[in-house]
Amino acid sequence: MGTIRVRFIIVALVVSFFAVGMAAFLNYFKYKSTISGIVKSRVLVIGRNVENSVQASLSVGMQFMELGTMNALLSREKASDRLIHGIDVFDQTGQVLYSTERARVGEKVSNSWIEAAARSKTTEWGTEAPDEYVAGISLKNNFDLTVGYLALRYSAEEVDRAAKVAGREILLASIFSFLGIALVAPLALIVVIRRFERDLRALEAAASHLEDRNEPAGPTGSAFDTAIGNLRSSLREANVALDDLRAKLDSVP
Amino acid sequence: MIRALLALFIVSLTLVGDGDARAQASTRPYRIYAITFRGMTDVEKGFQDYFAARRIPVQITWRDLNRENSRMSGFLEEIKRTKPDLVYTWGTSVTLGVVGTYDQVDPAVNITDIPVVFTLVAAPVLAKIVRDLKNPGRNVTGVFHVAPTEAQIRAMASYRPFKSIGILYTPTEQNSVVVVEEVREVSKRLGFTVIAKPLRLDANKKVTAEGAPEMVRELKQQNVEWLYLPPDSYLGTIAQKVVIPAAMAVGLPAFASTEQLMETGAVAGLVSRYHSIGQFTAYKAEQILVNKVPPAKIPVETLTRFALQVRMDIAEQLKLPPPLPMFNYAELIVPKPEPAQPAAAQK
Amino acid sequence: MLEKNYLWRIYWRLAGVIMVCVVIALAVVSFFSHRVFDRELVPETEQKAATVGASVRALVLKATSYGIDFSQLYGVEQTFAEVFEENPEFAYMAITNTEGNVLFARGTEPIGARSHFRNPVVLQIAHETTELSKAARVGQQYIVSMPINDDGKPLGVLHVGIDAAFVDHVLLEVLLDVVVVLVVSLFFTLELLNFMAGARLASGLGEFARQVDRMRSGDFTATARIRANDEIGRLLRRIDSAIDHLNVRYEFLVGELQDKLRTATAQRREALKPAQDALEGISKRLRFGSAPEATDGDEMNLNRIRAPLFAFILAEELTRSFLPSYVNQLIVAIPGISPQVVIGLPIMLFMLIVALGQPYLGSWSERVGRRKAMLVGAIVATIGFAGTALAYNLYDLILWRSLCALGYAMVFVAAQGYVLDRTGHQNRAQGFALFIGAIMVATVCGPSIGGILADNIGYRLSFGVSALMSLFSILAIMRLPTTEVVLPTGKPTRGPRMREIMALIVNRRFMTLTGLAAMPAKVILTGVCFYLVPLYIVSIGNTSAMAGRMLMVYAVMMVLIVPLSASLSDATMRRDRYVSVGLIISGLSGLLLLLSDSFLVLFGVVFLLGLGQALSIAAQSALVAEHCQEEIRIYGNDAVYGVYRLLERLGNALGPLIASLLVILWGYQGSFVALSALVLFCGIAFTIATHGSEWQPAAPAHS
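Residue numbers (my numbering), protein chains in the order written: chain X, 1 to 253; chain C, 1 to 347; chain H, 1 to 703.
Hint data in this document are derived by calculation from the structure and do not stem from the laboratory.
Where hints are given, some of them may not hold.
The calculated BS3-like cross-link candidates involving lysine-lysine, where the alpha carbons are at most 27 Å apart (straight line), are [said to hold, decoys possible]:
hint : chain 1 : residue 1 : chain 2 : residue 2
1    : C       : 220       : C       : 197
2    : H       : 62        : X       : 40
3    : H       : 62        : C       : 319
4    : X       : 140       : C       : 292
5    : H       : 153       : H       : 134
Beyond 12 Å from chain X on every Cβ pair, some chain H residues (computed) [unchecked claim]:
hint : residue
6    : 71
7    : 121
8    : 122
9    : 129
10   : 187
11   : 474
Note that CB positions come from ideal geometry on N, CA and C, so glycine has one too.
Build out the structure end to end from the sequences listed, making use of the hints.
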């Protein structure tokens, strides 16, 4: 006994590995997208504050290029959330016009930012670099012309840390429940397999006594009773015929 | 890496169009001949600011009609002599003086061979400047400045919801009559009642302010919640002295449809900022001068975003403070004598 | 078929037990995930509430700076409503004065809020001038409170309530995917049981049953077969040994008799006569000796095709739910062709290569050997998948997808040939059931899992998974027996000739079946399932995972209904009626979108489409044999079926093209409706065309 049992148990393990693994995968990614969504929307709240100020200034006739209070405003807003590394405002060519870091003014931003902003169907956009995430808002003037972009760079670490912690715990939970299955499933399976094995054993037992002349101990209740009966009767029939031949041969001295 | 390079290439491609034109232009500034109606306004400032911001070199010749139509012929003669690249016209009278109505153009008098960009025309179709806003079809395009009626009604409702509004208007001004009709249309959809009262005409069929304060009081008795001031020239001249005082006396808030009406003392208004209008007009001019799009194919438009203005002193007098969300986007006006509260919504 | 049913009963029981275990494990994982989510997400959300609150507070302070009395603020609730709209996890917002009386509030007030607001500790917050916020659990909410303080003058406190159940909502969204994983696991279990244990068990039990039958018919010849060392193998060995004993005894008796006869006198010979007669009687009834060299073992080898085929088809099916979206991302504007059509291009090309390649690849795989052909196909496809994952833009994507298509056609045809080679007339249907079974299970598991993967790890990595799956199939193919079965007929299969195609294409009876039933069915299948559903779902802001779920509904319908309708269409109703009903149901499916554009309606669409297709699919090809006997007599069975399959597969290629053109004209919904209307029209036309007496079922004598 055993090989079939082992095979069935392997199937159980493979399937539960797949299912538990997928569930862990799903939970982890859901967690990660939820938490980065929360953090991003928090950063965008601050972005909206800046946008409102820019709009107000534009509509009273100030030039986008000449918003005198912009750098101060950006620094103030940046200070309101420790998560934010920096805030930049850049024009359509990617040139930074205002920034919380003076050194960045006049520099060009990464092209991926402009691409992300262009791809977005709304005024909100975002990109992810390995160490830093960017949430942005496209700034439009009174006749719907995009005059520039607002980009809030914020720490990827917050999201990554949370994801790592959660990832580890979800992984642990998955490993434990998989181990749980690995212990329980064989036991549960054996209940089913045993019936199958009993059938097979009965079959084998019957087969091992195929050549006994005695009638079998009666039906075992297994699904193979008829088949074994047939087997027996054909064997008996053949033996009877050969017995007859033997007797006839023996009757001649 | 390759992808990044390609993206760079695409981006630069899109920029080349602009850059080329600019580079080419830098050799010789575009010559613009501008005619105003009553001196320089914020519109002209916005117009110039736009070119400066975009680094488009322009050389503008300023002429002022100063409300005297007799000076027009001299300007037209000068335009024909100097052949500028573009003509800028301020307001309906100036524009009509330069280009004429579409069904009565006299090439001997009107300008037809030089692109004309008009600004601050309340109703370009009604004034017969263009037949179709989307498709001007003649060598003229421009910007109109009145916010769509429905947007105004919605702005009014977001300040204070209402079931009924009253309107005073000049029956001889077709412009106003049309707006009143539009308000009625909107009222059917949004579900409110409109009580519109035409101003009286005197014996010479000339409109008069007589009886206007009584009308305002009647409106109040008929339980209207807002007094709407349509873009009406005559109303504009009497609002400050006659209509608004009457409304304030009975505690009826007024809502303005233009910046001029706003200045007469309405509590709120959805208006086009003159500066923005000027910028938008310059944008249209850029299309013609730099991008070489024929004016006939440039739609006549207005802004997509208007300034919601609120007079804080009036709001306080009426005990109607603006709703909290409005502090985010409205332009809050505190009259001069008050200490400096910058009108720009700075935090 | 005692042993087959018996085995399936065991499988289902085993699968049941495994599923119960899996459900428990998933519950455990979800429980722990919930704990983690709760612990980590709540503080993060509180932070966000503090930021949002600070923004509202700034607005309030701005209003008061204009001289508006704090308690007289207007439209505060409106501001709260706007906050709720953007942040659905916030359930309640309130502003109290310095005594803790609520001045403005909106949302569901948690139980105990009023006393919480009056708590001196909470009221103390109003006097803070720093950027501070405090969070506390009140009833069913987490309340974040922060001061409203005008430069040292306390005005009141702002409270933001976070619904504690929002974590449940987040996890509920995962639950849908977990259910999908469960369904896929079930199919996976059955497939694996069959793969790991079943192939051997089924063939062992089959061998046993055959042995029993042989012996009942008196055949006691010994088979010199090597038995596996497992339960069934040992059982068979016992029987073998019993047979051997019999044979030995028989040989001995025969030898003894002959011995005696040779030395016997005439008298003794007379005496031996009864024995001799008895031996003759035995020889007539029973057979002994050794059996002819066994050519079978085929059944077991037949089963072995299932695993590699499943793995390979799964690789392709994984991409169904997100391929169009991926193409959309890599799209390059091709002048003169609408982007809608361009998105459909790779799918179209894939189907076209499969359709045109199959007839020729059939004879090729015969020449090089099925195993080798499958191997080459799988390698080509693996390269294709890897290339697709790394594609630079649309142009090379099309190249890579063409490789996938070529590989797909090779593997498909070779596997089909493998089954054909190893089945005789009596078990061919069974062989194909196995073939179709593997494909169907792959269509259930593939798109749904693929959609989930695409949403979480991106399109490119998901194609990487496909490449990996395809690589696995290479390993499985290598385990197939290297000896090829050469069919005795020896007539190589060939693609249909142009002459035959032309002749059949103008044949009314043939084209009624092909043009009105088979082709439209395929057009709506590929047009809706492979093109419209993935694109439409994403265009209305839903995910690829949702598209995968939709396609799973379709596949599950096929798996459940096809066997049912296949057995029913033989028994109860004329086959063409099944085709009519199926086409009309398919044709009604898209019309559902006239009712509403909700994605729930789309579930109804794929449900009906699956039902309709499942009803008609089995009957369709059988109808060709039934009604085109005249044509089969003229052109031969192979040619008629060859042309039929070719046209059917061209339908596959036409689907995305027609669908994309309809999208340009009428948008996505319009395309669904128009495509369905087309099929509905074909269904009605087919019904009318088959109404006549010539379409009565063939007389039994024929078959």
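Over 12 Å from every CB of chain X: does residue 121 of chain H meet that, or does the non-interface label fail?
holds (25 Å)
Hinted pair residue 62 of chain H and residue 319 of chain C, Cα distance within 27 Å:
Distance ~18 Å between residue 62 of chain H and residue 319 of chain C Cα, so the pair holds.
Hinted pair, alpha-carbon criterion (27 Å max): residue 62 of chain H, residue 40 of chain X. Please report holds or violated.
holds (26 Å)
Exclusion check [residue 187 of chain H not at the chain X interface, CB over 12 Å]
The claim is violated: residue 187 of chain H sits with its nearest Cβ about 10 Å from chain X, within 12 Å.
Going straight from one Cα to the other, do residue 153 of chain H and residue 134 of chain H come out at no more than 27 Å?
It holds: about 19 Å lies between the C-alpha atoms, which stays within 27 Å.
Compare the distance between the alpha carbons of residue 140 of chain X and residue 292 of chain C with 27 Å, and conclude whether the hinted pair is satisfied.
holds (24 Å)
Against chain X, does residue 474 of chain H hold up as non-interface, every C-beta pair farther apart than 12 Å?
holds (19 Å)
Does the no-contact call for residue 122 of chain H survive, Cβ to all of chain X over 12 Å?
holds (23 Å)
Taking C-beta pairs only, is residue 71 of chain H more than 12 Å away from all of chain X?
holds (25 Å)
Beyond 12 Å from every chain X Cβ - status for residue 129 of chain H
holds (15 Å)
Would the hint linking residue 220 of chain C and residue 197 of chain C be met if the CA-CA limit is 27 Å?
Within the cut-off at roughly 12 Å; holds.
The structure fails to meet hint 10 from the earlier list, while all remaining hints are met.
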